[in-house]
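Student: Sequence:
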Amino acid sequence: MAIEYAPQAFSAGYIALSYIISFIGSLSTVELLQRRTSRRGMYNWYLLAGSSLTMGGVAIWAMHYIGNCAIILYPGFDEQNKLQLIYSPGYTTVSFFLPVVFIFFSYLLMGASESVSWIRLGAGGMFAGLSICGMHYLGQAGIYNYKPTYVPGHVVGSVVIAVVATTIALTLFFILRKNFTNSWYKRVLCAIILSGAVSGMHWTAALGTVYQVNTEAGNRFGHDTRHMTVVITIVMSVVSCFLMLFFAIGVKRARAQKYNRAQKIVLASATFDPLGRLMVLPDGILPTKEITDAFREKSLEEGFDKSHAIFQWIYRTTRHWNSLNGLLEGMKAHVQQYNSQTHSTDYVEDYGFIFREQFCVAAQDLADGTHRSLDKMGFLYDEIIVTGGTSLAKKHTDLEASHGKGKFLFLVNEVTKSDAVRLAAHGFRFTSPSNVAENIARSMQVTKETITTHMNTMKHCASAEYELHPGVYIGCFAVRANVKGSFDVLVRANARNQLPTVKLPITTLEQTQLHYLQEQENKTAMQIISGSQALRRPESGGTLDVSPFVIMFHDALRELINEIQDPFFADATLVLTPIPIPYLDLNKNETGTAHIITFKTMVPIHSRTITNNTAFEFVSLPFFSLQQRCYPFSPDHAIHARRTHREFSARIAHVPKISQPMRAKFANTLTPWQKGPTITATTLSSRASSSSEKNLVLEYPTGNPFLNGGIMVSQSVSVEHDEAKGEGNIEMRAMGPSTAVVKEEDIEQPTWADTLFREAIAAGNARRS
Numbered sequence: 001m002a003i004e005y006a007p008q009a010f011s012a013g014y015i016a017l018s019y020i021i022s023f024i025g026s027l028s029t030v031e032l033l034q035r036r037t038s039r040r041g042m043y044n045w046y047l048l049a050g051s052s053l054t055m056g057g058v059a060i061w062a063m064h065y066i067g068n069c070a071i072i073l074y075p076g077f078d079e080q081n082k083l084q085l086i087y088s089p090g091y092t093t094v095s096f097f098l099p100v101v102f103i104f105f106s107y108l109l110m111g112a113s114e115s116v117s118w119i120r121l122g123a124g125g126m127f128a129g130l131s132i133c134g135m136h137y138l139g140q141a142g143i144y145n146y147k148p149t150y151v152p153g154h155v156v157g158s159v160v161i162a163v164v165a166t167t168i169a170l171t172l173f174f175i176l177r178k179n180f181t182n183s184w185y186k187r188v189l190c191a192i193i194l195s196g197a198v199s200g201m202h203w204t205a206a207l208g209t210v211y212q213v214n215t216e217a218g219n220r221f222g223h224d225t226r227h228m229t230v231v232i233t234i235v236m237s238v239v240s241c242f243l244m245l246f247f248a249i250g251v252k253r254a255r256a257q258k259y260n261r262a263q264k265i266v267l268a269s270a271t272f273d274p275l276g277r278l279m280v281l282p283d284g285i286l287p288t289k290e291i292t293d294a295f296r297e298k299s300l301e302e303g304f305d306k307s308h309a310i311f312q313w314i315y316r317t318t319r320h321w322n323s324l325n326g327l328l329e330g331m332k333a334h335v336q337q338y339n340s341q342t343h344s345t346d347y348v349e350d351y352g353f354i355f356r357e358q359f360c361v362a363a364q365d366l367a368d369g370t371h372r373s374l375d376k377m378g379f380l381y382d383e384i385i386v387t388g389g390t391s392l393a394k395k396h397t398d399l400e401a402s403h404g405k406g407k408f409l410f411l412v413n414e415v416t417k418s419d420a421v422r423l424a425a426h427g428f429r430f431t432s433p434s435n436v437a438e439n440i441a442r443s444m445q446v447t448k449e450t451i452t453t454h455m456n457t458m459k460h461c462a463s464a465e466y467e468l469h470p471g472v473y474i475g476c477f478a479v480r481a482n483v484k485g486s487f488d489v490l491v492r493a494n495a496r497n498q499l500p501t502v503k504l505p506i507t508t509l510e511q512t513q514l515h516y517l518q519e520q521e522n523k524t525a526m527q528i529i530s531g532s533q534a535l536r537r538p539e540s541g542g543t544l545d546v547s548p549f550v551i552m553f554h555d556a557l558r559e560l561i562n563e564i565q566d567p568f569f570a571d572a573t574l575v576l577t578p579i580p581i582p583y584l585d586l587n588k589n590e591t592g593t594a595h596i597i598t599f600k601t602m603v604p605i606h607s608r609t610i611t612n613n614t615a616f617e618f619v620s621l622p623f624f625s626l627q628q629r630c631y632p633f634s635p636d637h638a639i640h641a642r643r644t645h646r647e648f649s650a651r652i653a654h655v656p657k658i659s660q661p662m663r664a665k666f667a668n669t670l671t672p673w674q675k676g677p678t679i680t681a682t683t684l685s686s687r688a689s690s691s692s693e694k695n696l697v698l699e700y701p702t703g704n705p706f707l708n709g710g711i712m713v714s715q716s717v718s719v720e721h722d723e724a725k726g727e728g729n730i731e732m733r734a735m736g737p738s739t740a741v742v743k744e745e746d747i748e749q750p751t752w753a754d755t756l757f758r759e760a761i762a763a764g765n766a767r768r769s
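Residues 1 to 769 (the UniProt record's numbering) make up the sequence shown, in order.
These are calculated hints, taken from the structure and not from any lab test.
Heads up, a few of these hints could be off.
Derived lysine-lysine pairs resembling DSBU-like cross-links, with alpha carbons at most 30 Å apart [claimed, not checked]:
1. K407 with K484
2. K459 with K306
3. K264 with K405
4. K448 with K417
5. K306 with K407
6. K405 with K306
7. K459 with K376
8. K376 with K264
9. K448 with K407
10. K448 with K405
11. K306 with K376
12. K484 with K264
Since the model is a prediction, treat every value here as computed from it, not as a measurement.
Go ahead and model the full structure; you've got the sequences and the hints to work with.
Tutor: What follows is the structure, encoded as C-alpha cells:
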C-alpha cells in the first residue's frame, strides 16, 4: 500500500519573516559577543549568557517555528487551518534549551582572548552548527499530528551548510574583533552570514521533508496555532530589537562624547601589560574622564603646557599619589561648589587652584571606573596631546566637533599579569596599540601617526626600561638657550628623563678609575679622544700602560660622539664627580645606583645638526630637573606632600562636605560585591593641621638602600635657571645623594641637573671672558 503524504506549499511572507527574526537574533548576538573581554568576571558571564539566549532562543528556535509556519499542508482544503502542524509542549520546551546550552559552550570554547585559535574556532563553529541541526530535528520530533520523513541527502546538506556557514561567520567575526576593525557594517555582514547559516540549514532540511498523517495521534487536529507562534516569536524579537536599540543609542552617545571630549581637557588612562599590550574599552578606545569642559586658559599667567607650573605640580603629584591623602573629599566638595556657580567671564581668579582640584577629582573617578586604587593609576605622561584638529573636525560636523581644540593628559603605567587578568574580568581588553591606533586617533581627532608615536613612547615610559639601570655610563649634559628666555637640555627622545648616555661594561667605579677621571678633569671630549691613540701605542711615544678601563672609556666616548653626531660635543668638558642616579624596581624588588660620567657643554642656539637627529631632543631644563626629584622614595615627595596639604587643607576646610547623593554623583558604578578603591597609605584628616603634616612622611621599607638614618637629600647648591650669570670660579660640590633630615621649612635642595647647569653656565662665561 503506497504511503500517502500530505501535499504542501510555502508562504513567502512567513519565509521572509523567519529570516528577519533570525537576523535580529544573530545581530544581537554579535553585539553582545564583541563586548566580551575575558572568561572571568560576572560582566563577561552575563554577556556570554545573553549572546547564547539571543542566538539559541531567537536566531535558531524562534526562526525554526516561524519558518514552519510557512509550511502549508493540504493547501486549498475547506478546513485547511485545522490541518496544520501542532507541537508537543515538552519537545518544544526542550528544543528551546538545547541550542542555548550548546551555543553557550560553543562560545565559551572559542574564548574571548585577543589571540585567535583556529582549533577553537573550528571546534566552536562545529558545535554551534550542530546545535542548529539538533534544535531543528528535535523540534520536528515534537510534531503531534504528522510523522515527518526526511530525504538523507537533504539531511547531510543541511548539516554541512549549518556547520560551514556558522564557522565562517564566527571566524570572520573573531578576526575582525581581534583587530578592532569590526565596524557596524562588518558586524551586520557577520550577522547576515550567521542568520544565513540558520535559514539555509532550515530550508534545505524543509525541502527534503514530507509529512504523513499520524493515525496514532487520534483527534489531535484543531485550531491553527501559527498566529500564537508568531506572537511569541515577535515578542522575543522585539526584546532583541530593544536590546540592539539600547546598544545603538549607547554607542552613538559614546561616540558623540568622544568627539565632544576632543574639545575639552580630558584625562585618559594608558595602561600596558607586561607584553606591551594596551588596555582599552571593548570598542577600542581608552578609558577617559573629563577634567573640565570649560578650560579657561586666559586665567593662567602662561599657556598651559609642560613648562607651566600647574602641569609640573600635577606631574609631581602623580609620582606620589599619597600627597592627596585626606584631601580628595574636600576637593570634590570645592569643585562641586565651583561648578554650581556661574562664571560668565573667561577669567577666573586663582583658576590654577581650581584646575588642580578638578584634575585630582577626575583622576579618582578614573581610578574608580577602572576598578583600581588611585596609587595604581601610574604617573602623568610628560606630553600634552592637542586634539580636535580642524581638518579632522570637518569629517564630524554632525557631532559638532569643530568648536575648537582640546587637550588630553595621560596617566601611564604597566600592570602585572595578574592585574591584567583582573582588569579583563571587569570588561577591559588588552591588545596591541597598533590594533586600536586608528580608533583612538578618530576619537581624539588627531592623526594615526601622532597616536602611534605617543603610544610607543608611553609604552616605553611605563616599562622598567625607562629608568636608567644600575651600572656606569658616559653621558652628555648639553644646555641650550631658548626663545622664551630659559634653557633646554638634550635628552633621549624615547626617555625624556635621561641624558644621552652609553653604558660601560662595568658595575662600579674603582679608586684607580676615579684617579684617571681626575686626571682628565676639564678636558674636552676631543682632547681625550686625541690623546687615546698615544696611550694605546707606547712604541709611538706613549709611555703609560693602557688599563682595560681606559680602553672601555675611550670606546664608549667614541660611541657617544657617533650617536650625537654634532660638532658641539667635541668641546664638552669632563665633570670630575660622577652623577649617582637611584634605581628601584618595586615589581622585581631590584635596587641599585647608576653612575654617569658626564661631559657638560653649552650648545649654540643656531645649531641645527642635533635638531635633525631624531634619537635626541631638547626639553625644558626646569621640567627635566623636576623629573630628577621624582624617583621612588625621593625625599622631595614628602616636601611636596606637606606643601600640598598646607595649600589645600586651609582652602577646603570650610567647604561643606558632600552629601550622600552628591557622593553618588562622583562615584563610578562598581559591582555590588567590590569595595571602592582607596589610596593605600596613612589616612589623614581632610582638615589637616600643620602638626598633622608630619604624618605625610611615610614609613618606607627598612631595606630601602636610599635611606640610611634619615631622609636622603642633596647637599645645598644655589641655582637660578632664569639667570645665565655665573661666577668665574665655582667649586664642584658633591652632586650625589647624602643623608640629612628635611627641615621644617621644607626647602628643596638643588638636583644634580641644577648643579651641572650652573657649572655649564660658568664654563661658558669663562670661555667668553
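Student: State for each hint whether it applies.
Tutor: Hint check results:
1. Simply put, K407 and K484 have alpha-carbon atoms about 22 Å apart, close enough for the 30 Å limit, and the pair holds.
2. Restraint check: the Cα-Cα separation between K459 and K306 comes to about 19 Å, which is no more than 30 Å; the hinted pair holds.
3. Between K264 and K405, the direct Cα distance comes to roughly 7 Å. Compliance with the 30 Å bound is thereby established for this hinted pair.
4. For the hint linking K448 to K417, the alpha-carbon distance of about 28 Å falls within 30 Å, and the restraint holds.
5. Only pairs whose Cα atoms come within 30 Å are accepted, and K306 paired with K407 is accepted, the gap being roughly 12 Å.
6. For the hint pairing K405 with K306, the CA-to-CA distance comes to about 17 Å; that is within 30 Å, so the pair holds.
7. Of the pairs offered as hints, the one joining K459 and K376 holds, with about 16 Å between alpha carbons and a cut-off of 30 Å not exceeded.
8. Only pairs whose Cα atoms come within 30 Å are accepted, and K376 paired with K264 is accepted, the gap being roughly 25 Å.
9. At roughly 16 Å between alpha-carbon atoms, K448 and K407 fall within 30 Å of each other, so this suggested pair holds.
10. Only pairs whose Cα atoms come within 30 Å are accepted, and K448 paired with K405 is accepted, the gap being roughly 17 Å.
11. Distance restraint check for K306 and K376: the Cα-Cα separation of roughly 23 Å lies within the 30 Å cut-off, and the hinted pair is therefore satisfied.
12. Between K484 and K264, the direct Cα distance comes to roughly 27 Å. Compliance with the 30 Å bound is thereby established for this hinted pair.
Comparing the model with each numbered hint stated earlier shows that all of them hold.
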